[in-house]
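The whole structure should be built from the sequences, with the hints applied where relevant.
If you read the sequence shown in this note's numbering, its first letter stands for residue 241, the second for the next number, and so on.
Because the hints were derived from the structure by calculation, they are not lab data.
Warning: the hint list may mix true and false statements.
What the hints assert, rightly or not - Computed list of lysine-lysine pairs in DSSO-like fashion (alpha-carbon distance at most 27 Å, straight line): (1) K249 / K261; (2) K272 / K261; (3) K261 / K293; (4) K249 / K293.
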Amino acid sequence: MTSPEEHRKIIQQFLDDINEKVRAGLLLERQKLVGFAVSEAAANLLEYFLHQKQVISPGFRVNHNYF
241 MTSPEEHRKI IQQFLDDINE KVRAGLLLER QKLVGFAVSE AAANLLEYFL
291 HQKQVISPGF RVNHNYF
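Shown next, in the form of structure tokens:
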């Protein structure tokens, strides 16, 4: 079960990873990894939002493949 704090930590880790690749100019070379990070960050953002609104139960996972 992922807590809101864990969601925030995970989201920040993915954003840091994406920004690191942008700063290093590695978007083309690492586009699959960047795409995965964006997808996972989006899934975690959606989960965080839905948990905050109490629309989904704790432990519910959004599949990043939906993005």
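For K249 and K261, compute the direct alpha-carbon distance and say whether it is at most 27 Å. It holds: about 19 Å lies between the C-alpha atoms, which stays within 27 Å.
Do the alpha carbons of K272 and K261 lie within 27 Å of each other, as the hint requires? holds (12 Å)
Within 27 Å, alpha carbon to alpha carbon, are K261 and K293? Distance of about 33 Å is beyond 27 Å: violated.
Does K293 sit within 27 Å of K249, going by the straight-line distance between their CA atoms? holds (19 Å)
Checked against the numbered hints above, the structure breaks only hint 3 and satisfies the rest.
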